[in-house]
Amino acid sequence: MSYQPSELRLQREAAKRRASRRSTLIAVLSTVIIGTVLTVVVTGAPGFKAVKQSFFSWHYAVSSFPHVLSGLWLNLRVLIVAGIVVLIFGLLIALARTSHSPVLYPVRLLATIYTDIFRGLPLLLVLLLVGFGLPGLGISWIPTSAVILGTVSLVLTYSAYVGEVIRAGIEAVNPAQRMAGRALGLGQSQTQRYVVLPQALRKVTPALLNDLISLQKDSGLISVLGAIDAIRAAQIETAQSFNFTPYLVAGALFVSLTIPLTRFTDWLTNKQDRARVQQGQW
Amino acid sequence: MKKTLSASLSVAALVGSLTLGFGANPSSAATSGAALPTLTKGFLTIGTDNPAYTPWFDSNKPANGKGFESAVAYAVAKQLGFPASKVKWVVAPFNTVIQPGKKAFDFDINEVSITPERAKAVDFSTGYYDVAQALVTTTKSKIAKAKSIADLANAKLGASVGSTSYSTINDVIKPKSKASVFDTNDLATAALKNGQIDGLVLDLPTAFYVAGAELTNGLIVGQFAPKAGSDQFGLVLTKGSTLTKSVSAAVDALRANGTLKALAAKWLASVGGAPVLK
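If you're matching them up, the sequences are chains V and A in order. 150 is the number of the first residue of the first sequence in the numbering used here; add one for each residue after it. 751 is the number of the first residue of the second sequence in the numbering used here; add one for each residue after it.
Since the hints were made in silico from the structure, they are not lab data. No incorrect hints appear here.
The calculated lysine-lysine pairs, modelled on DSSO-like cross-linking and capped at a C-alpha distance of 27 Å, are: (1) A:K870 <-> A:K989; (2) A:K791 <-> A:K995; (3) A:K890 <-> A:K943; (4) A:K989 <-> V:K198; (5) V:K198 <-> A:K852; (6) A:K924 <-> A:K890; (7) A:K928 <-> V:K366; (8) V:K198 <-> A:K995; (9) A:K852 <-> V:K201; (10) V:K201 <-> A:K870; (11) A:K895 <-> A:K926; (12) V:K201 <-> A:K989; (13) A:K870 <-> V:K198.
Covered stretches of chain A, going by a simulated chain V footprint (3 or more residues, C-beta under 8 Å): (14) 846-852; (15) 907-915.
Residues from chain V shown here face chain A by an in silico Cβ test under 8 Å; the list is partial: (16) S203; (17) G285; (18) R381; (19) Q384; (20) F391.
Here a beta-carbon is modelled for each residue, glycine too, at the ideal position from N, C-alpha and C.
Using the sequences plus the hints, can you model the full thing?
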């Protein structure tokens, strides 16, 4: 005999469906009302025409697009180079800070001081110090290129952040894992490489991607050293026309880069959560 | 410093509006300035950025009447019927000067070049200064001995953002490597000192100041001949401001009676000294 839901259950389900329909209706209504009010308030504002002309001019969006896009190409190149170097440096710093050997004490100390200083210093200050201070020394092998010096500054600052993130990941791995690794006959560094780090990095992947997105936007700050990135290109266009639309173009381009990264982060997190639930690690 | 200044100004504003309340007489409008529809009735509010650079201003104090633009601002105010005591200064960064809508000043004076494109977003007075662009470098730079624009083809040049100087690099000099763009002339000068750029394009009066006062071994390579009347500094007003006509008339009067020329001679280095690069 097939399953027959009870009368009570059918009633309960019907009530649930009604409630759900009702809340959908209310959500739609409230969205429409709030949307209408916002539209009326914004478009009805006395200065709306001027704001529209200043910020949403199709003419300036089109004319500034190629300049802003070529600026964005610089952002992208800086992001890729700095991103890779930051991950390597961050990992080294995290390894140094979580080491226990007495021989490595000075390295540990240096890594701690480095993290304290560069996590605290505003990026802009690091950029000015590295970008104008270093070449000011007059040492011939120090590069004078704004892009190289800017990337160095980004690496200095972000390695400190990323180092701390990875360290948190390493410390979150249960010490029993390390002991288990040793018990299996793995050496100290083999345990680190094959047991601890894979787990540590998996734990902090979303946080690392967060830093990557942040790095992507901060890559534009190197423009204070003279390089022309997307925002600076927009600023140049804006200064010529007194129209803010180029900034919006740059903003749209940045968002179009960030959204896929964010979605990717979400997807990765979800996947890990599901995997953990299946493994009973939740 | 700034606070005390604005506090005393607002006290002055209060006193001023009280006294003016009685004697207001439409026929004396041309001489008192009180009848002009200014931001604060009876006062003229003038904007400029902070820091305000020499030789356009002096010691970053627009209200001291020293420096070319400060002097011009007070001359325009006087022409409009506002004595120095009825002039208020506000800090107006570049973005607030170009933003849409009502602005926090009656007019802004900050080395802003007049272009037809910009005039779609703001009102300009007639020009109060014809400006030429010049190239500054140091004696040890590879372009120190350049004699023509062709000699600059391989130079790495810099300018500050939003300046006509940047357009001069791209449209007139056209060097092979991309120009560096800095937030301020100070940062650009620092880059020049470090040898990060070979030369820096500035407006001519600023170029004389940077080469003479800020760089130890600075020199002016030359200036670039402007197309006649093509680059003029103008006062910036809100788009469609009711004051634009009166302010322009005041500037015109100051040009006609020789005041602008005299002030330029007093505050700006003689600009004839730099060779014209072709």
